[in-house]
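**Q** Sequence:
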Amino acid sequence: MLILTGLFWSSSALSRPYHYINVRMSWPEAQSYCRSKYTDLATVDSMGDVNRLVNIVDAGYSGSVWIGLKRGTQKRWGWSNGENTTSEHWAAGQPSMRSGSGDCVGMSKTNSGRWAQYSCDLQSPFICHGCEHLTN
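Going letter by letter, the sequence shown gives residues -15 to -1, 1 to 121 in mature numbering (1 follows the signal peptide of the UniProt record, and there is no 0).
These are computed hints drawn from the structure, not numbers from a lab.
Incorrect hints may appear among the rest.
Stated by the list, open to error - FRET-style restraints, in silico, Cβ to Cβ: (1) THR71 <-> GLY45: 30 to 38 Å; (2) ARG83 <-> GLY63: 14 to 22 Å; (3) GLY78 <-> LYS22: 28 to 36 Å; (4) GLU117 <-> GLY78: 30 to 38 Å; (5) ASN96 <-> SER31: 16 to 24 Å; (6) SER31 <-> CYS116: 30 to 38 Å; (7) MET82 <-> VAL8: 29 to 37 Å; (8) GLU68 <-> SER21: 17 to 25 Å; (9) GLY78 <-> SER17: 24 to 32 Å; (10) TRP75 <-> TYR46: 18 to 26 Å.
Fair warning: this is a prediction, and the values are worked out from it, not measured in the lab.
Each residue gets a CB set at the ideal place from its N, CA and C atoms; glycine is no exception.
Construct the entire structure; sequences and hints are all you get.
**A** Below you can see the structure in the form of C-alpha cells.
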C-alpha cells in the first residue's frame, strides 16, 4: 500500500519568512528595498501573520512599521504584490476617507498590530517578506 500524504502541502502550514528592517524609509523606498533584497513588503493573510509581525519588531520600538498595504488608483486597498486583501486588522477609525489621510499602511507594534493609514512619504522602519536574494 502506497501512502501519498507526504506529497500534499497545506497552505496554512506554509508561512512566509518575515524580515524587520530597522531603517527609516518612505513607503516607496521600503517597497523598492524589499523587492531588491527579498520579495516585497509584508503581506498579511491571517491573525497568525499579524502576531508574527508584531513579534519581530524590535522590543524597544513603539511606532508603526510599513507593511505592503496601499490604496490604489481606484481607492481600494490592496497588497503591493498584487494579492487581494483577504484579511483586515484596522485600528479604530481607520481607514479614513478624509482627504490627505494617506494612502500607505503602517502596522502598530503597541496597538496589537492594528493598521492605520499614513502619508507614503513618512519615514518608518518596515517589514519585508520572502527569502533573501543572494548576489554574487
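**Q** Measuring from beta carbon to beta carbon, are TRP75 and TYR46 in 18 to 26 Å?
**A** Since TRP75 and TYR46 have Cβ atoms about 21 Å apart, the given range 18 to 26 Å holds.
**Q** Taking 24 to 32 Å as the stated bounds, is the beta-carbon spacing between GLY78 and SER17 within them?
**A** At 30 Å between Cβs, range holds.
**Q** Is it true that the C-beta distance of SER31 to CYS116 lies inside 30 to 38 Å, as the hint says?
**A** 20 Å, violated
**Q** Just to be sure I understand the hint, the distance between the Cβ atoms of GLU68 and SER21 should be within 17 to 25 Å; is that true here?
**A** Holds, since GLU68 and SER21 (Cβ atoms, about 20 Å apart) stay within the stated range.
**Q** For the hint 16 to 24 Å, verify it against the beta carbon of ASN96 and that of SER31.
**A** At 18 Å between Cβs, range holds.
**Q** Within 14 to 22 Å: is that where the Cβ-Cβ distance between ARG83 and GLY63 falls?
**A** The hinted range 14 to 22 Å holds for ARG83 and GLY63, with Cβ atoms some 20 Å apart.
**Q** Is 30 to 38 Å right for how far apart the beta carbons of THR71 and GLY45 are?
**A** 32 Å, holds
**Q** So the hint says 30 to 38 Å: do the beta-carbon atoms of GLU117 and GLY78 match that?
**A** Holds - the Cβ-Cβ distance for GLU117 and GLY78, about 37 Å, lies within 30 to 38 Å.
**Q** Within 29 to 37 Å: is that where the Cβ-Cβ distance between MET82 and VAL8 falls?
**A** For VAL8 against MET82, whose Cβ atoms are near 31 Å apart, the range 29 to 37 Å holds.
**Q** If I claimed the Cβ atoms of GLY78 and LYS22 lie 28 to 36 Å apart, would that claim hold in this structure?
**A** This hint holds: roughly 34 Å between Cβ atoms.
Violated hints amount to a single one, hint 6; each of the other numbered hints is respected by the structure.
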